[in-house]
Amino acid sequence: MKYKDYYAILGVERTAAQEDIRRAYRKLARKFHPDVSKAVDAEDRFKELGEAYEVLKNPEKRAAYDRMGTHWRSGEDFQPPPNWDEGFEFSGTGEASTAHASLNEFFEAMFGGARTAHGPRGPSHSMGEDHHAKVLIDVEDAYRGANRSITLQLPVIDARGHVQLQSRTLNISIPKGVRAGQHLRLAGQGGTGTGSGPAGDLYLEIAFREHSRFHVDGADVSLDLPVAPWEAALGARVTVPTPDGWVEVAVPKGSAGGKRLRLKGKGIPGNPPGDMYMVLNIVLPPADSEQARAAYDTMRQAFNFDPRSRFSG
Amino acid sequence: MNEPETTCLTGEIVDESVEISLVELSRVSGASEQEIELWVAEGVFDPKGTAPREWRFSGASLRRARVAFRLARDLQVNASGIALALDLLDEIDALKSRSRASRTN
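Which chain is which? The protein sequence lines are D and B, in order.
Numbering of the first sequence is given in my numbering, commencing with residue 7 and proceeding in unit increments.
Numbering of the second sequence is given in my numbering, commencing with residue 1111 and proceeding in unit increments.
Some clues are possibly wrong.
Calculated lysine-lysine pairs in the DSSO-like style (CA-CA distance at most 30 Å, straight line) [unchecked claim]:
| # | chain 1 | residue 1 | chain 2 | residue 2 |
| --- | --- | --- | --- | --- |
| 1 | B | Lys1158 | D | Lys53 |
| 2 | D | Lys37 | D | Lys8 |
| 3 | B | Lys1206 | D | Lys270 |
| 4 | D | Lys140 | D | Lys44 |
Just so you know, the hints here were simulated from the structure itself, not pulled from any lab data.
The model shown is predicted, which means the values in this text are computed figures rather than measured ones.
So here's chain D without its partners, still in its complex pose (with noise of 0.2 Å):
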């Protein structure tokens, strides 16, 4: 078991006020929120932070945290004393417990026996909870749809009020036409109904995978598309990919750097259609040769051509 320095977690000294580490966690709670970061690891900083505060912001288990001493650091093997927890009774559970359902080793072993079980509430028939989960795909996906295997890490409190981690893999079939931010419901498919309550749904957020070369916003798809000079000034048929496969496209001649070409239709499918942008981006081949800089030399002198023209206006 590895040791956790809430209070580095939290950024506060070891003699901080309680108020200063409830202003500590808010703070860096709304720095950190999943939905609010695009920091790739903001959704385990925050976990990591609700679990630092639940420990820090209740005094009987903040004292029993000081108590294992000060001269661990984090990530250091760590065995806690025996009786370190002697004398404390740990009283309820923080609201944030299971908003937070931390699956963490060292949070675990230390305060999670504190945890209760959540009985079945409400009518003694009553509808499973619906359950939400992330799905990341690529983008080809959306277009011809796809069977996708998922595993699910479930939470599962057990009788001893620990939580337990239950995995579900599912295979489901990525309908086509999908977009980011919309959910799939897979009816029936999320926890089981008490009594003779159906069960819940099962609600799966779309996401897509981050592409080298398409960039998705809602049902329009764009991609980089290199074009040389003689391409953009002249006109040119070239052949792209989208992510149903290879097109030909007319750059049409006289066409400036960032010019967009729009596919229509060719963006992910539904009704209607999203569309496929081209953005042109004209690349200079390098004077690497005497052939090369002579030819550029020619193109010097051919055109009377000042880019900075307006400069001067």
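Based on these hints, arrange chain B on the given structure of chain D.
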């Protein structure tokens, strides 16, 4: 850790054409009906229908409602704060995708 069970499933896309009632949105998002009513009053959602019982939300509201629920729960943000946060998050998304589009030039 239990043995993984395997099932083969087809899902339904909750898109703009799907209409969701207040009761369903509350159930699926986790937010209470009262909370959602406050968010509607702040303009977070624009459901069809007049009285809360007749409201019909579009499928696209589901994601907004989930984000609103998490922000309210985790950061104790009130209804006007939720409305502001969601507007700003939308704006950040728009700016990010615009700056990415122009960076490729």
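Comparing the hints with the structure gives:
Of the supplied pair hints, the one linking Lys1158 of chain B and Lys53 of chain D is violated, its CA atoms being roughly 37 Å apart against a limit of 30 Å. A C-alpha spacing of about 26 Å is found between Lys37 of chain D and Lys8 of chain D, which places the hinted pair at or below 30 Å, so the restraint holds. Distance hint between Lys1206 of chain B and Lys270 of chain D is fulfilled; the C-alpha atoms sit about 23 Å from each other, no more than 30 Å. Restraint check: the Cα-Cα separation between Lys140 of chain D and Lys44 of chain D comes to about 15 Å, which is no more than 30 Å; the hinted pair holds.
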